[in-house]
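Asker: Sequence:
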Amino acid sequence: KQPKTEPPLETTPLPEETRQAISSISLPNEPSDHHRLVRPWFAEHKRLQRERKKLIEQVDTYRWWRGGKEPVSDLTERDLYRFKITSALLSSAEAAGVKPQSAHIDGHIRFEVNGWEIKARVQEKMRRGLRPPAKDAPPWTAFLDHHQNGLGPSGFLRIAILTYLDAGRKREWVETGDVKIPDLMAEIVDRIASASEVLEAIKRKRAEQRQIQAERDRANAEAARLIQHERHRWEGFKEHARRWEEHARLLAFIDAIKARAELEPDASIDGRSITEWINWAEQKTAEMDPFQHGLGK
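Mapping the sequence shown onto full-length UniProt numbering, position 193 (from 1) lands on 193, and the numbers just tick up by one.
The hints are simulated quantities; they were obtained by calculation from the structure and are not laboratory data.
Calculated lysine-lysine pairs in the BS3-like style (CA-CA distance at most 25 Å, straight line):
| # | residue 1 | residue 2 |
| --- | --- | --- |
| 1 | Lys170 | Lys205 |
| 2 | Lys84 | Lys170 |
| 3 | Lys258 | Lys284 |
| 4 | Lys170 | Lys99 |
| 5 | Lys125 | Lys180 |
| 6 | Lys180 | Lys84 |
| 7 | Lys238 | Lys284 |
| 8 | Lys135 | Lys53 |
| 9 | Lys119 | Lys180 |
| 10 | Lys125 | Lys170 |
| 11 | Lys99 | Lys203 |
| 12 | Lys119 | Lys84 |
| 13 | Lys170 | Lys203 |
| 14 | Lys203 | Lys119 |
| 15 | Lys84 | Lys46 |
| 16 | Lys119 | Lys205 |
| 17 | Lys84 | Lys99 |
| 18 | Lys84 | Lys125 |
| 19 | Lys135 | Lys125 |
| 20 | Lys99 | Lys119 |
| 21 | Lys99 | Lys180 |
| 22 | Lys135 | Lys54 |
| 23 | Lys180 | Lys170 |
| 24 | Lys119 | Lys170 |
FRET-style restraints, in silico, Cβ to Cβ:
| # | residue 1 | residue 2 | range |
| --- | --- | --- | --- |
| 25 | Ile212 | Glu70 | 54 to 60 Å |
| 26 | Asp217 | Ser26 | 54 to 60 Å |
| 27 | Phe291 | Glu264 | 31 to 37 Å |
| 28 | Ala137 | Pro40 | 25 to 31 Å |
| 29 | His108 | Asp217 | 37 to 43 Å |
| 30 | Gln211 | Glu187 | 33 to 39 Å |
| 31 | Gln209 | Arg249 | 55 to 61 Å |
| 32 | Arg127 | Ala201 | 34 to 40 Å |
Note that beta-carbon positions come from the ideal geometry of N, C-alpha and C, so glycine has one too.
Using the sequences and the hints, build the whole thing.
Answerer: Here you go:
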């Protein structure tokens, strides 16, 4: 039997004017047209090229030592497309009141929505190729280190919200031959913008669950306390019964000693007269009487 899942939380949709504003955002062409968080990627790519070239020149005679790393190629068509889509996503998010906090060249993005951090990623949808690429084939991306070996590009981008939202809520979008990311942009931004509502609801629900669990723990602790108290009462009752039985046995023994004393009035026990010894024994026996101090003691 499948566990019952709750339907996704109803959230406030983007206003129509915001959707129209998003639909009017076009993909940038020049590096200077990109979003402020993406523009530095072009310079970062050049820096990576220089550093890799320097590394190769330094250790070229020990190729195995540098792990077989190849030169960083120029930006490819897939790289440039990903840069453009990321820029459009960031600009669209800002149009919806979402604050982009950071964007890494590997596609990881951090947004802030009403004080909540939302993590996402824009990356190539990878697939396992039927055959490895030819050795002389140009690289499909300048950032091969960002992708798993043995997989190749699908030719489609994938955008995923990495922050957990409620079950059943879509958090991943993949392009197809007919539907591209710009066609999905309003839906993606809507999901990012409404994430704070979802996270607030999750926070409230978890607080309620913690409260319910705390009440359950208190009830269990009280039940355990009552069980322990009842056990102690029963053990005490049995102890009273044992003392009563011992008390009755001692009284019978004292009566036997008294009868014996009538036959031997001058006898002594441990240096005491029979009368002194009987008085001492009666005093100690009285202390064994469970009714002497009350059964509740």
